[in-house]
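Undergrad: Take a look at the letters that make up each chain.
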Amino acid sequence: MNQRGYGAVWLVILAIAAGMAFVPDCRAAGGPPGVGGVLPEFVLPPPQRMEEVQYLGLKEKVSFKIPETRAEVVIVEIFSMYCPFCQKEAPAVNQLYQIIANRADLKDKVKIIGIGAGNSQFEVNAFRDLYRIAFPLFPDTDFSVHKLLGEVRTPYFIVIRIKPDKTHSVIYSQVGAIGDPGQFLEKILSKPAPGKGV
Amino acid sequence: MKKTMTSRVVALVACCALLGLTSSALGLSEQFQGRIFQGGKLKPVDSQPKLKVGDKAPDFTLPSLSGEPVSLHQFLGKKNVVISFVPAAWTPVCSEQWPGYNIVKGLFEAADATIIGITTDNIATLYAWTEQMGGVWFPVLSDFWPHGEVAGKYGVLRSGGVSERALFIIDKQGIVRYIDIHDINERPNLETLIGELQKVK
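Protein sequences appear in the order of chains A and B. Okay, so the first sequence: first residue is 1 according to our numbering, each after it adds one. Okay, so the second sequence: first residue is 1 according to our numbering, each after it adds one.
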């Protein structure tokens with residue numbers, strides 16, 4: 001191949017490489033809602049147990065949207081029973097739940113919800129039973145909610161703050177382990193609130 | 001020079017493939033990030049079935065991760081067996097299917113069953129991969145050599161040398177009671193498997 005030939009090949013390679021640099025990662029297409037943004041519109045199926053209905057402040061076992069939860073802050077965990085990292089993280093999230101439950105100033109205001117990406121009700125229940133998870137978990141069998149949330153890796157945590165008028169904002173978002181649950185809680189509660197604080 | 005150019009083009013094509021085929025909604029665990037090969041959507045099934053429900057399950061002996069060979073016949077009269085063939089280590093669906101089974105040991109035990117996990121990977125690869133999962137409670141067997149021999153006997157060896165994503169339930173008498181040669185791109189439903197296992201119990 002002559003000099004000009006090599007030049008042409010490199011031009012093509014560079015053009016493809018430049019193009020690739022601007023191709024968004026499929027997972028990030030749309031992406032998870034960022035801080036300051038809002039959750040996409042989706043409805044979760046009715047909670048299975050009455051204590052979950054009460055925890056979420058619903059009137060009965062009905063489908064609902066997360067911002068309809070009777071809470072000021074909702075921590076949403078996207079998980080999967082098939083994800084080893086989520087399995088490992090389950091005790092830490094349980095501990096987070098317990099810290100909140102033990103604090104009179106927070107227990108009615110800060111709630112946790114788990115959404116099982118690609119998990120059926122049976123699979124979500126298996127995860128709940130094994131790790132004795134007290135907060136409500138919901139199936140997302142066909143990945144539809146997961147897709148709306150930007151096909152995040154798991155576990156993924158999105159925290160929203162709900163205003164009295166039921167509008168909400170995302171105040172925190174992260175992939176992977178939460179670390180020390182107490183510190184995680186303090187961190188999310190210290191995030192600037194768009195409205196009334198906890 | 002020609003060889004160098006060829007390898008660059010191959011590398012580039014591989015890069016494009018990796019960037020372009022990351023839309024699978026499986027293999028999501030953060031634990032595996034950057035370690036899973038995204039092979040894209042594959043032909044759902046690429047083999048000819050050889051067994052049917054009611055057949056005697058072909059016996060086999062394969063090396064296992066523990067170092068001890070494991071045979072199907074050693075479970076005869078003792079345990080129902082779920083053979084879980086998965087296509088390959090370090091691929092999206094497989095890297096979550098077994099971790100899922102790993103946390104529901106109780107559901108299998110309740111049906112007086114064990115799982116035998118089989119791939120056509122070699123032992124070293126299976127070791128690294130299952131360590132990344134944090135280990136599994138059931139035996140993991142390598143059908144690497146003679147390559148895919150057991151997968152072939154069960155009619156689940158694909159043309160590329162990997163097995164199908166397939167589940168077989170073998171009862172204590174060694175009879176095949178359930179076969180699911182699944183779409184390789186999808187994870188079998190756990191509830192269906194456990195339901196079938198309970199019928200065998």
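Among the hints, erroneous ones may be present.
[Claimed, not checked] Below, a list of computed lysine-lysine pairs in the DSSO-like style, where the Cα atoms sit at most 27 angstroms apart:
no.: 1; chain 1: B; residue 1: K41; chain 2: A; residue 2: K147
no.: 2; chain 1: A; residue 1: K163; chain 2: A; residue 2: K88
no.: 3; chain 1: A; residue 1: K61; chain 2: A; residue 2: K88
no.: 4; chain 1: A; residue 1: K59; chain 2: A; residue 2: K107
no.: 5; chain 1: A; residue 1: K61; chain 2: A; residue 2: K166
no.: 6; chain 1: A; residue 1: K88; chain 2: B; residue 2: K105
no.: 7; chain 1: B; residue 1: K153; chain 2: B; residue 2: K172
no.: 8; chain 1: A; residue 1: K163; chain 2: A; residue 2: K147
no.: 9; chain 1: A; residue 1: K147; chain 2: B; residue 2: K43
Note that these hints are calculated values from the structure, not bench results. A quick note: this is a predicted structure, and the numbers were derived from the prediction, not measured.
Undergrad: Are the hints correct? Go through all of them and say.
TA: Status of the hints after comparison with the structure:
1. K41(B) to K147(A): holds, 18 angstroms
2. K163(A) to K88(A): Roughly 33 angstroms separates the two Cα atoms, so the pair is violated.
3. K61(A) to K88(A): Violated, at roughly 30 angstroms.
4. K59(A) to K107(A): holds, 18 angstroms
5. K61(A) to K166(A): Holds, at about 20 angstroms.
6. K88(A) to K105(B): holds, 16 angstroms
7. K153(B) to K172(B): Holds, at roughly 19 angstroms.
8. K163(A) to K147(A): holds, 26 angstroms
9. K147(A) to K43(B): Between K147(A) and K43(B) the Cα gap is close to 23 angstroms, so the pair holds against 27 angstroms.
Figure legend: structure checked against the earlier numbered hints; hints not met, in rising order: 2, 3.
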